[in-house]
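The primary structure of each chain is shown beneath.
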Amino acid sequence: MTAATVTRPRNTFNWAARRRWRNFTATSAATLLGLIVLTAFLMPLGYMVLTSFKDVQQIIDPNAPFLPSRPVTFNYQGQDYPLMQVPTDSGTKEWALVEKGREASKFVDPQNPDAGLIDWVGRWRTLQPVYRVDPFTGNFAAANDAVNVFRAMRNSFIIAGLGTIGTVLASTAVAYGFARFNIPGKNVLFIILIGTIILPSQVTLIPTYVFFRAIGWGGTWWPLIVPHFFSNAYNVFLLRQYFLSIPKELDEAAWIDGASPIRTLVSVIIPQSWPALTAVAMFHFFFAWNDFFAPLVYLTGKEELYPISVALTQFNNAFGSQPGQLMAATLMTISLPVIIFFLAQRHFMQGIVITGVEK
Amino acid sequence: MAVATQAATAAPPIRRKITASQRREIKWGLIFLSPWIIGFALFTVFPMVASLVFSVTEFNLLHPTEFKFIGLSNYARLFSDPQVIQSLLITLKFALIAVPIGIFVPLGLALLVNAKRLFGKNVFRALFYMPQMISAVAVVVVFGAVLNSESGWINQILTAIGIEGPRWFQDENWVIPALAIMTVWTVGSTMITMLAGLQNVPTEMYEAARVDGASPVRSFFNITVPMISPVIFYNLVLALIGSFQVFIAPFIIGAGRGDPNGSTMVYNLYLYKTAFAFLDMGYGATLAWVMFVICLILTVVLFKTQRRWVYYAGGE
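Residue numbers (this note's numbering), protein chains in the order written: chain A, 1 to 359; chain B, 360 to 675.
Some hints could be false.
As the list claims (entries may be wrong) - Partial pick of chain A residues on the chain B-facing surface, computed with a CB cut under 8 Å: (1) Thr27; (2) Leu205; (3) Pro207; (4) Ala318; (5) Pro323; (6) Val338.
Calculated directly from the structure, the hints in this document are not laboratory data. Idealized CB from N, CA, C, for every residue including glycine.
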C-alpha cells in the first residue's frame, strides 16, 4: 500500500516530464524548420529592402557586408585614410592606413593621432576594412524624380478607390438578388455567373478594347473604372454565400413590417455583413492597385495617367541598371498593400476560404 | 425556435395565394440583378460574339475602313504560323515547371503551417500569404534583381557553395525556369485553400490509423492525400489555365520583345503584340479563341482524369 503511493506519483511525474520534453523538442524542430523555410521564402523581400538603402558604390562593393554599409575613413592631417582591422599583440585594432607598403605599412591610431605613425609588419592587402552601417536614403527621392512615383500612386489610388465603390455597391445588390428573391431561372443565371469566373479574359478583351476606343474612352481611366459598376462574379459569389448564412426570418420580419427591399438590404443585411463587405472591398482594391494589363492597353502613351504598376514597368525598362532606385520604387509600390494587409489580414483569410479562391 | 417554425409553416400558403406579392418579388429581384445582367450582356456576351465575328474578318485598327469578311483565312494562317507553334511550345515549357511549383509548394507550406507543433501558426500563415498582396509587376522586378547574374543574391549564394549560377535572363535555356521560379510568390491563396482542406479531414481518421499502427508517412498518403484530392484537383485546374495565361513576367523580363532571342515569346505575349502593337484585331481575336479552346480542352481532359484519382467524400 505504502509502496504503491510512493512509486505511482514518481512514475507519473517522470512520464509527464518526458512528454513535456518531447513536446518541447517537437515544437522547436517544427518552428525552426518553419523559420528556415520562411527566411528562404521572403529572401527576395529582404534583398529589396536592403538594396533600396544602398547607393551604387555599396551595391557593387564585393567586400561590403550584408547591411548597407560603407568603409570608414579617418581624416589625418587633412587627408582621408581607410580604417583597417589590424591584428596586433594587444588584440585587433582599428587603425587608419596611411602609407601602404608591400611587407610593412604605416598606420595611425584614430584614438590617439598625436602619437604619430605606427609601423606594422605584414601585408596590408590581407587586412579587412572597417565598415559602418550607413543606410543611403537618396534612392527614394531619386526614384520619385525619375518616374513620378507619388503621382502614379495617386492615380492608382483614384482608379482603385472608384472601382471599389462601384463593385461593392453593384455586387451587394446582385448578391442580395441571388440570395433572397425567387426569380424563375435564377439557378441557371447563377451557374452562368460562376461560369464567367473561368472564362479567360482574352476572349472578350479585343472587342471590349475596340468598343471603348470607339466611344472615345481610349487613353482615359473610364475603361478601368466603369465595368466594375456592373458587379463582379467573384464578389457576388462571396457576398451571396455570406448573405445566405444570415437567418431569413430577420428580413422577412422587416418585410412584413412594410420595409421596402432596399430598406431591408440597408438596415438588416448590410449591418450584419461587414466582414464580407470588407473582404470584397479589399480584394477589389488590391486587384485594381496591382492590375497591369488593362492600364497597359488602355493608357498607352498617357504617362501622366499611369497607375503605379505600369509606371514601375516603365521605370524598370529605363533604370534596370540602378538596382537601388529600382528597389526603392518597388518598395514604395508595395508598401500600401502590405501595410493594409497586415492590419486586416484576418478578413483576407476568411474571404479566401469563403470563395475558395482569390481573384 | 417554435415561433420561427410556426412562422415558416404559416408563411408559404399565404404567399402562394397572393401572386401580386410574387410578381413584386420577381420585379425587385430583377432590379437587384440588373447590374450584373446588363454588365454580362455588355462585357461578356456582346464581346464574345464580336470576337468570333472579328476572327473571320480582316480588321486592322490602323486602317479600319478595309474591314472585310475573309472566312476562315485567319484560322488557316494560324495553323501555318511558325510563331504560334513556337510560342505554344514556350508556354508549355513554362507550364511544365510552373504547375508542379504551383501545387507542391503551397501543399508543403500548408502542411507546415498546419503542423500541430508549430509555434505562432497565424504569423507564419500571414507571412507566407503576404507576397500575394504584392503586384505581379513588383514581384517580377524584385525577382529580376535577386536573380541578376552579378548583383543578385541567388547567384552569390550559389557561388558561395561552389556552383556557378546561370545567367538567368541572358541564357535562352534558363530564362523560362527563371520565370517559373517567380511563381513561388503567388502561392498564398492556394496555400490557404489547401490549409482549409487539411483542416476538414476528420481527426478520427488519423487516430484510427494510428491505433492500427500506420506510420505518419502512410497516413499522409492514404488519408491526407485522398481526402484533400478535390482541393488539389481544383487548384491543378486553376494552375494549368493560369500558366497558359502567363504574360506579365515574360513581358517585363523579355522587354516585350521576347528577349533573349525570342525565348520568352509566350502565347499571350504574341497575342498582345498582334492585337495591341500591330492592331491586327482580326488575327488577334483568332489567337484569343484558339487559346480559349486550348484551355477548355485542358480542363475537359483534367476532368476526365478526375475519376481515377480524385476522391469525393460526399460521394458525388
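Each hint, compared with the structure:
| no. | hint | verdict |
| --- | --- | --- |
| 1 | Thr27 | holds (5 Å) |
| 2 | Leu205 | holds (7 Å) |
| 3 | Pro207 | holds (4 Å) |
| 4 | Ala318 | violated (11 Å) |
| 5 | Pro323 | holds (5 Å) |
| 6 | Val338 | holds (6 Å) |
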